[in-house]
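*Asks:* First to last, the protein sequences are chains A and B.
Counted the way the numbering used here counts, the first sequence spans residues 12 to 168.
Counted the way the numbering used here counts, the second sequence spans residues 12 to 168.
Keep in mind that the hints were calculated from the coordinates and are not lab data.
Some hints here could point you the wrong way.
Identical chains blur together in the list; that is why a pair holds if it fits in one copy or across any two.
BS3-like mimics (lysine-lysine), calculated; alpha carbons at most 30 angstroms apart, straight line [unchecked claim]:
hint: 1; residue 1: K89; residue 2: K57
hint: 2; residue 1: K36; residue 2: K21
hint: 3; residue 1: K57; residue 2: K36
hint: 4; residue 1: K89; residue 2: K126
hint: 5; residue 1: K57; residue 2: K13
hint: 6; residue 1: K77; residue 2: K57
hint: 7; residue 1: K57; residue 2: K109
There are 2 protein chains.
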Amino acid sequence: MKLELWCIGKTAETYLDEGIDIYRKRINKYVPFEMRIIPDVKVNGKPDAAHLMLQEATLVQKLLSKDDYLITLDERGKTFSSVMFSEQLNRLVQLPYKRIIFLVGGAWGIHDTLKQKAGMMLSLSQMTFSHQMIRLFFTEQLYRAFSILNNEPYHNE
Amino acid sequence: MKLELWCIGKTAETYLDEGIDIYRKRINKYVPFEMRIIPDVKVNGKPDAAHLMLQEATLVQKLLSKDDYLITLDERGKTFSSVMFSEQLNRLVQLPYKRIIFLVGGAWGIHDTLKQKAGMMLSLSQMTFSHQMIRLFFTEQLYRAFSILNNEPYHNE
Chain A
12 MKLELWCIGK
22 TAETYLDEGI
32 DIYRKRINKY
42 VPFEMRIIPD
52 VKVNGKPDAA
62 HLMLQEATLV
72 QKLLSKDDYL
82 ITLDERGKTF
92 SSVMFSEQLN
102 RLVQLPYKRI
112 IFLVGGAWGI
122 HDTLKQKAGM
132 MLSLSQMTFS
142 HQMIRLFFTE
152 QLYRAFSILN
162 NEPYHNE
Chain B
12 MKLELWCIGK
22 TAETYLDEGI
32 DIYRKRINKY
42 VPFEMRIIPD
52 VKVNGKPDAA
62 HLMLQEATLV
72 QKLLSKDDYL
82 ITLDERGKTF
92 SSVMFSEQLN
102 RLVQLPYKRI
112 IFLVGGAWGI
122 HDTLKQKAGM
132 MLSLSQMTFS
142 HQMIRLFFTE
152 QLYRAFSILN
162 NEPYHNE
């Protein structure tokens with residue numbers, strides 16, 4: 012079982028990359044974890060959000076295989092406490108999937124066609140955070156989940 | 012009216028400081044906003060969390076005046092969408108307080124004596140994030156709130 016975080020568009024801010032990298036390395040001590048950047052669709056002039064999201068969704072679907080379990084990150088998704096999320100993760104990694112893919116959408120979000128393919132919609136917060144920043148939040152939370160499952164002292168209740 | 016973010020303990024990671032600073036400057040275009048670091052209480056040996064939190068709470072209380080409105084950040088607090096948070100903020104800044112103080116606790120959280128003084132307990136997420144990282148999340152969200160109130164394009168629904 013491998014975990015992957017897929018993001019649409021490069022991280023614009025190096026400070027975010029730096030933080031993500033710290034947690035990426037820490038997660039890898041528990042489970043194979045990779046981050047994959049899917050190029051965002053560039054447009055000239057005023058963007059047509061629905062059209063862009065559909066193009067991005069098509070790119071993502073080409074990369075998915077039937078052995079993947081897709082989780083989309085979306086503020087309208089299911090919310091968890093960190094402990095509940097770790098328990099959910101623990102159940103998922105025991106299922107016969109090859110990869111669990113966590114997908115953070117682009118600036119405009121995730122197209123419905125992709126949401127329909129997702130096994131779960133996960134919300135880190137009811138608040139909207141930038142799709143760039145959510146990458147850092149997510150990697151911290153994924154690391155926290157494994158630290159909880161392994162009874163490491165990182166997480167204080 | 013001035014907004015302040017009070018945090019217990021220095022930010023350990025420079026990448027977080029870098030991000031916080033970007034949003035601190037952006038918020039200052041809308042409203043006077045400052046960040047204040049309150050030194051954390053150092054201990055030798057095994058920490059007594061309740062005792063530490065009480066000592067930190069005493070330090071914070073000395074810095075508060077009766078014209079302040081205190082908001083503690085706590086995952087057990089009230090959750091908002093970004094738009095709801097901006098509306099709440101809009102109401103608060105019209106009240107006759109001199110400062111709105113947002114307080115992020117130390118590694119062990121915020122002592123109850125201080126929570127009782129708070130006008131609001133605000134939760135950015137049901138998930139627990141490190142008290143260091145929450146500083147970055149909060150400044151992004153505060154900037155987002157002002158961008159919403161000013162109809163700036165930062166926030167996409």
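*Asks:* All hints are to be evaluated individually against the structure, with a verdict given for each.
*Replies:* Here is what the structure says about each hint:
no. : hint       : in the structure
1   : K89 / K57  : neither (32 angstroms within a copy, 37 angstroms between copies)
2   : K36 / K21  : both (19 angstroms within a copy, 24 angstroms between copies)
3   : K57 / K36  : between (38 angstroms within a copy, 28 angstroms between copies)
4   : K89 / K126 : both (13 angstroms within a copy, 28 angstroms between copies)
5   : K57 / K13  : neither (38 angstroms within a copy, 37 angstroms between copies)
6   : K77 / K57  : neither (36 angstroms within a copy, 49 angstroms between copies)
7   : K57 / K109 : neither (39 angstroms within a copy, 42 angstroms between copies)
Violation of the numbered hints given earlier is confined to hints 1, 5, 6, 7; the remaining hints are satisfied by the structure.
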